[in-house]
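Going line by line, the protein sequences match chains A and B. Its first residue numbered 3, the first sequence is counted upward by one per residue in our numbering. Its first residue numbered -5, the second sequence is counted upward by one per residue in our numbering.
Fair warning: there could be bad hints in the mix.
So the derived list for chain B, only partly shown, Cβ under 8 angstroms to chain A, looks like this [said to hold, decoys possible]:
| id | residue |
| --- | --- |
| 1 | N62 |
| 2 | P66 |
| 3 | F73 |
| 4 | F75 |
| 5 | N77 |
Since the hints were derived computationally from the structure, they do not count as laboratory data. Ideal Cβ positions, reconstructed from N, Cα and C, are used throughout, including at glycine.
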Amino acid sequence: MNEFQRRQVKNRIIVVILVGMLCVYLFPIYWMFSTATKTKLDAFSLPPKWVWRPQIENFRNVFYVGAGGALGRVKGIEVKPKPSAFLRQLGNSIIVSFVSTLLATFLGALSGYVFSRMRVRGKDDLLFVILSSRMLPPVVIAIPLVMMYRALGLFDTLFGLIIMYTVFNLAFAVWMMRSFVDDIPIEYEEAALVDGYSRFQAFFKFIFPEMRVGMVATAIFSLIMTWNEFTFSLLLTGERARTAVPSIAHSLGTAGVNWGHIAAGSFLMVLPVVVFTFLLGGNLIRGFTFGAIKE
Amino acid sequence: MLKLSIQDLTKKFGRKTAVSNLSLGVESGKITVLLGPTGAGKTTTLRCVAGLEKPDQGTITIEGQVVNDYPPKDRDVAFVFQNFSLYPRYTVFENIASPLRIRGLRQEEIAQKVKEVASFLHIDHLLDRRPIFISGGEMQRVAIARALVRRPKVFLLDEPLTNLDAKIREEMRTELKRLQGEMESTFFYATPDQAEALSMADTIAVIHHGHLVQVGTPTGIYHQPVNMFVADFVGSPGMNFIPASVEGETVNVGPGYFSLPLSPEMRKACAEQATSKEVFLGIRPEDVLIRFEAQEGFYPALVEVVEPLGVLQIVRLRLNHHFIRVRSEENAHFPVGEKVFFGLKEGKVRLFDGKSEKRIW
Ligand SMILES: Nc1ncnc2c1ncn2[C@@H]1O[C@H](COP(=O)(O)OP(=O)(O)O)[C@@H](O)[C@H]1O
Ligand SMILES: [Mg+2]
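Model the full assembly from the supplied sequences, consistent with the hints where possible.
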């Protein structure tokens, strides 16, 4: 075997290993999807059915009241489909996550730049204070928060949740963006300053483009964290502003455990994050591998 | 005429003083080299001039204008950084054009100027590439082109050749000097490389631990160093030093090893400046002669190491408790361990004070 063939074989082995790993990682998604599209009977059959007739009943039920119950004609009575809260909750999730992610990333990028480049009095202490906001588990501060939110009229509002999540993500965003800016050689900026640019112009023309990769990474992480956040959403909202994650958990209690229903709801919730990550993630990987941040 | 004048510049980083009370003038149309070892304060000085660092004390004057309170963009200086610092996202063309863009020149004008300077520096074929796809030497040319393209009042060059291979470094050295001469621009050039300084400078300013040690022409610095630091730092290898003591009309080395007669002028200088009898006798490696036979004015030593360097070689001789390095032609053959005799060229001996290490003669 010559060098070229050996390399080909090696590549093939790597591909096989990667495909194997991919299967392992995708299995839960497959399971979720299959459970969602199976009938109750199929879902519980042992050994698991690999071939089944897909049905969208569960997905439809997610959007209508009487979750888990039947629609159509039951004992001669017409069960009218009534929209459930799920669509609204999904919408809440989308609004809250995207707005707070945008805010946190933007503010984080600006503060990260300042913390990295400027002389700030008490910089280290400030950074620690920012980090410390993430040190307590949410449950610990939840009760005072609930009382404050009620007093301020922020309870069960999207605005309240957005504030909460922006603050929640900001600590992470500031730290992450600071280390990203630290990695951008300061000479880019200084060269620009001497070339005749003001600090502002230098920032937007030369530093901001270098920060984009970092901002995308920060945005993806904060979106995922916000989207999946459970405690605050459960405690700080009631009917109106609740996001999708806690409401899925909610449906555990009411009509027994309807796995098909839960799987369909979960699947719908995973989707937006996956789409977002894929859209931006390519950007992210390109940035990392082609050394956007390289001297 | 002074293009740039630095008065009493002091810059501290916390408790560390990077530059201390430095005063220096940079002449228009000349190359002034700031020479000093790593950590001497060269970069800090240049950055203070550019406005990238705020001095703790002192004034910077460019063309008669005190610029201390000016931001970098208003000082009209160009800075070539040691690590080139090109913008990775932009092509070579855009990198060179960047100082013109911000000045709002017309597109055709920019294109013309960039092409002009690029062909001047032989990088016209690289204009469409991004910096990561060109070599170190080419990056440095681009960095220099970006500085040249707008004819600033002063060029600040911070070790522009240090990161290049030895071969390219020597080529670029000549070329930079040519460019500077043709454009009659003013260079303030920092380097730790004494050979670079000697070959390029009109004026050399030696800096050490943040202090300016000596300012002078290359020959002045080489032949009349103010102290042992400069004598050692400039020259390759640096000057040899042998502890000695002045007694009456002679200077004696090592107990009874050899003595040299002192001229009346030297005696006078010693009497006026020496703090004690203890001095260092200094001699440049090229001012030592080697013989195989004993001779009047020649003293015994052992050949310890021989370092061939092409056309010449460095021979290290061991004296009783000291050694001296000698530059010798290549064709002479010195077996290691051989006993030889060395002599010092007349008029080339320097004397340094034993304590202050300042030059007496
Ligand atoms: N930003 C800084 N913070 C702290 N110390 C610094 C900083 N910049 C330079 N120094 C210190 O100041 C001294 C002079 O540095 P520099 O001007 O970079 O020397 P050179 O360019 O001659 O090698 C060094 O001891 C260095 O450690
Ligand atoms: Mg330096």
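Evaluation of the provided hints:
no., hint, result
1, N62, "16 angstroms, violated"
2, P66, "4 angstroms, holds"
3, F73, "4 angstroms, holds"
4, F75, "5 angstroms, holds"
5, N77, "6 angstroms, holds"
Consistency note: the structure conflicts with earlier hint 1 alone.
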